[in-house]
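**Q** Sequence:
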Amino acid sequence: MAIGDRIKTIRKLRGLTQNQLGVLVGFNPKSADVRIAQYESGTRTPKDEMIDKLAYALGVSKESLTIPDKIDYEVGTMHILFALEDIYGLKISDIDGKLCLTLDIFNRSAYSILGRFDVWHRELEKLEKGEITKEEYDLWRYRYPLVEAERLEARLRELRKSQKDEQ
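Counting from 6, one number per residue, gives the positions in the sequence shown under this note's numbering.
The hints are simulated quantities; they were obtained by calculation from the structure and are not laboratory data. Take the hints with a grain of salt, since some may be wrong.
Unchecked claim - In silico PhoX-like pairs for lysine-lysine, Cα to Cα no more than 25 Å straight-line: (1) 67 / 52; (2) 131 / 17; (3) 103 / 134; (4) 35 / 58; (5) 139 / 17; (6) 13 / 35; (7) 139 / 67; (8) 17 / 52; (9) 67 / 13.
Said to hold, decoys possible - Here are the in silico distance ranges between beta carbons for each label pair: (10) 46 / 162: 40 to 50 Å; (11) 88 / 120: 17 to 27 Å; (12) 96 / 142: 23 to 33 Å.
Heads up, the beta-carbon is just placed ideally off N, CA and C, and yes, glycines get one too.
Throw the hints in and build the complete structure from the sequences for me.
**A** In structure tokens form, the structure reads like this:
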């Protein structure tokens with residue numbers, strides 16, 4: 006999905022108009038919608054500084070806007086998977102007649118990403134159990150890893166408060 010498509014998807018998820026988003030990133034209100042429309046249509050590509058502003062205004066991580074364009078077609082996706090194989094030891098396996106992507110837990114590089122996969126799996130389980138909505142799940146994905154940092158900070162505040170209360 007191209008960056009313009011990601012901007013549009015997340016903008017709509019956030020309930021913003023093109024004009025509102027444009028104003029939030031600093032465009033003149035009279036032309037803000039046109040500028041955002043240009044990004045969303047692919048007529049213009051935002052520079053890095055603008056990507057930072059868009060991510061901040063949308064409340065998402067920069068990475069959620071800048072996923073590789075190569076993922077939009079099968080051959081590009083395959084080469085991304087091949088790179089993940091090289092970097093993290095990702096493998097394709099047949100498990101009970103189903104093709105699955107697996108990581109070798111003994112691969113040192115894979116170990117660093119396993120914790121992130123575990124967090125993702127727990128969030129997906131919440132969605133499947135109906136504990137969160139699809140919108141909440143999507144917001145979690147688009148805000149990752151910011152949302153995890155915020156959760157950790159909240160847990161630390163709770164821990165400090167409970168320790169203070171015990172004293």
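**Q** Taken at face value, is the distance from the CA of residue 13 to the CA of residue 67 at most 25 Å?
**A** 14 Å, holds
**Q** When you check the alpha-carbon spacing of residue 67 and residue 52, does it fall within 25 Å?
**A** Roughly 12 Å separates the two Cα atoms, so the pair holds.
**Q** Holds or violated: 17 to 27 Å for the Cβ distance of residue 88 and residue 120?
**A** 20 Å, holds
**Q** Is residue 35 close enough to residue 58, meaning Cα to Cα at most 25 Å?
**A** Satisfied, since the Cα-Cα distance of roughly 19 Å is no more than 25 Å.
**Q** Against the range 40 to 50 Å, how does the distance between the Cβ atoms of residue 46 and residue 162 compare: consistent or not?
**A** 43 Å, holds
**Q** Would the hint linking residue 17 and residue 52 be met if the CA-CA limit is 25 Å?
**A** Holds, at roughly 21 Å.
**Q** Does residue 134 lie within 25 Å of residue 103 when you go C-alpha to C-alpha?
**A** It holds: about 23 Å lies between the C-alpha atoms, which stays within 25 Å.
**Q** Is the straight-line distance between the alpha-carbon of residue 13 and that of residue 35 25 Å or less?
**A** 19 Å, holds
**Q** Are the Cα positions of residue 139 and residue 67 separated by 25 Å at most?
**A** Holds, at about 21 Å.
**Q** Does residue 131 pair with residue 17 here, judged by a C-alpha cut-off of 25 Å?
**A** Holds, because 23 Å separates the two Cα atoms, which is no more than 25 Å.
**Q** Measure nothing beyond the straight line between the CA atoms of residue 139 and residue 17; if it is 25 Å or shorter, mark the hint as holding.
**A** Holds, because 14 Å separates the two Cα atoms, which is no more than 25 Å.
**Q** If I claimed the Cβ atoms of residue 96 and residue 142 lie 23 to 33 Å apart, would that claim hold in this structure?
**A** 27 Å, holds
Comparing the model with each earlier hint shows no violations; every hint is respected.
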